[in-house]
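Enquirer: Protein chains in written order, with the working numbering: chain A, 43 to 242; chain B, 64 to 329.
Hint data in this document are derived by calculation from the structure and do not stem from the laboratory.
Any given hint might turn out to be false.
Have a look at the derived ranges for each label pair, beta carbon to beta carbon [what the hints assert, rightly or not]:
1. 184(A) with 152(B): 37 to 47 Å
2. 118(B) with 106(A): 30 to 40 Å
3. 160(B) with 61(A): 16 to 26 Å
4. 126(B) with 183(A): 16 to 26 Å
In this text, a Cβ means the ideal position worked out from N, Cα and C, and glycines have one as well.
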Amino acid sequence: MRIAERDRDDVLLRRAARGDEEAFTLLYRRHLAAMYRFALRMTGNTWAAEEIVQDVFMTLMRDPKKYDAARGALGAFLYGVARNRVMKHRERLPREIPLEEKNEDGTGSGIVLQDASTPAMWAEKRERMQQVRAAVLDLPVEFREAVVLCELEEMSYEEAAQMAGCPIGTIRSRLHRGRALLMAKLEMFRDVPRRARAAR
Amino acid sequence: MCEMNCEEFEMIGLDAERDSTLSGVERVAAREHANTCSRCAALQESWQAAGVDLRAFAEDTAMAQAPARVEMRLRQEFRTQHVTFKVRRAAVVAAWALAAAAVFAGVVTWRNWLHGRQEVAMKHLSSAPAAKKPPESNSSAGTNHENTAQVTNGMPPQDSAGAASSETLVADNELTGFTLLPGTLAWMPMTPPFCACVCSAARSVRWVCQSMKSEPMNGSRWICSLGMMDCHKRCDCRDKCSWVRGAFGAPREGARKWWHRLFGRE
Numbered sequence: 043m044r045i046a047e048r049d050r051d052d053v054l055l056r057r058a059a060r061g062d063e064e065a066f067t068l069l070y071r072r073h074l075a076a077m078y079r080f081a082l083r084m085t086g087n088t089w090a091a092e093e094i095v096q097d098v099f100m101t102l103m104r105d106p107k108k109y110d111a112a113r114g115a116l117g118a119f120l121y122g123v124a125r126n127r128v129m130k131h132r133e134r135l136p137r138e139i140p141l142e143e144k145n146e147d148g149t150g151s152g153i154v155l156q157d158a159s160t161p162a163m164w165a166e167k168r169e170r171m172q173q174v175r176a177a178v179l180d181l182p183v184e185f186r187e188a189v190v191l192c193e194l195e196e197m198s199y200e201e202a203a204q205m206a207g208c209p210i211g212t213i214r215s216r217l218h219r220g221r222a223l224l225m226a227k228l229e230m231f232r233d234v235p236r237r238a239r240a241a242r
Numbered sequence: 064m065c066e067m068n069c070e071e072f073e074m075i076g077l078d079a080e081r082d083s084t085l086s087g088v089e090r091v092a093a094r095e096h097a098n099t100c101s102r103c104a105a106l107q108e109s110w111q112a113a114g115v116d117l118r119a120f121a122e123d124t125a126m127a128q129a130p131a132r133v134e135m136r137l138r139q140e141f142r143t144q145h146v147t148f149k150v151r152r153a154a155v156v157a158a159w160a161l162a163a164a165a166v167f168a169g170v171v172t173w174r175n176w177l178h179g180r181q182e183v184a185m186k187h188l189s190s191a192p193a194a195k196k197p198p199e200s201n202s203s204a205g206t207n208h209e210n211t212a213q214v215t216n217g218m219p220p221q222d223s224a225g226a227a228s229s230e231t232l233v234a235d236n237e238l239t240g241f242t243l244l245p246g247t248l249a250w251m252p253m254t255p256p257f258c259a260c261v262c263s264a265a266r267s268v269r270w271v272c273q274s275m276k277s278e279p280m281n282g283s284r285w286i287c288s289l290g291m292m293d294c295h296k297r298c299d300c301r302d303k304c305s306w307v308r309g310a311f312g313a314p315r316e317g318a319r320k321w322w323h324r325l326f327g328r329e
């Protein structure tokens, strides 16, 4: 009980605000993965995700009083900050010319695909993932956020609504429209090879 | 029994099994609608296929991790910020301490100055009756008036009655009162090109003069301890010599003479 109390996010944050580096590291490691995944799925770019995660924790470090434990969990607060950073990243996007990203395996994607049994399966899966990724990234940002939170992060509607700072009904309708768009895009991606095969 | 139409199914029925905000009745209704409506059943099937793709994409990206350099940068920033904060706090404390010391020194200085001023005022008051009736020990002052007349060449002449009764008050320094000087210095001409009032004694005299609201006695003149003539120019002393009024009731000087006294040339 005492350990749980000691390791609560707000307690750790207070300690970090007083200069306790260990507490800050603990907080960082606890929330890093979720933040990074969210940023990566929203931007589709590892550099952008890295920058967003860094900004999120910088905000927490520089102004820990911005977080009010009475208003919700620290995770939700961090998601909110990350979301704002993603929006800013999107605003900046047209002015940026992205360099071609290369993974360690030489692929051009920002996301490393794992586990493919045979080269053919690996190639097929990779192609499919590229399509899904492209479809998700093509969604308008509000719909994308709903899809990322509810479908990829597997949050409940309440949690997603809390993260996005809007009512559940809004999340539901965004998700509905996002799904419709996503399905249309995925259908289109599926149909292109079929039509190509049929043309041959 | 709750029935669901196609529009409602699209809105809430596609994900009815996962949506915890829906009631059991709504879930059953969604299931029933999917069984009866082929279009909605196809839509649900399509969504399930998309869901599989999305889950695969989610699994692939689930293992994505931020590089270690992010943590390193953040920890470095954390250390820098907290060390800087400590240094800044120490600087603020030191600055406040210095400010407090300065205020304290200022208060002490002001108190001393105030005390000194009161002392001077008291001495001046106590010396005033003595100036009216010159002490016997200073009886030689009266005899020196003749010498004074010899020394003060070029100065406006005074009537003999005024000269006989005139005495000269001198500020020895800032804190002591005035002492009677031999009359030989009483009419020392004002030759320096700059104002004689730069000497502190003259300022002290001026101050006493203004604060006590007292005029020098008839025929007496303020004079500083350096033997220079009393406040002359640039000191705002109301007893200053001016070409309009003349010094201490002395006959009026002409502008030319006043200029000469001031700058030593005509």
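Enquirer: Is it true that the C-beta distance of residue 126(B) to residue 183(A) lies inside 16 to 26 Å, as the hint says?
Expert: 25 Å Cβ-Cβ, so the 16 to 26 Å window holds.
Enquirer: Are residue 160(B) and residue 61(A) spaced within 16 to 26 Å by their CB atoms?
Expert: Once the Cβ atoms are compared, 23 Å apart, the range 16 to 26 Å for residue 61(A) and residue 160(B) holds.
Enquirer: Holds or violated: 37 to 47 Å for the Cβ distance of residue 184(A) and residue 152(B)?
Expert: Cβ of residue 184(A) to Cβ of residue 152(B): about 44 Å, so the range 37 to 47 Å holds.
Enquirer: When you take the CB atoms of residue 118(B) and residue 106(A), is the distance between them in 30 to 40 Å?
Expert: holds, 36 Å
Checked against the numbered hints above, the structure violates none of them.
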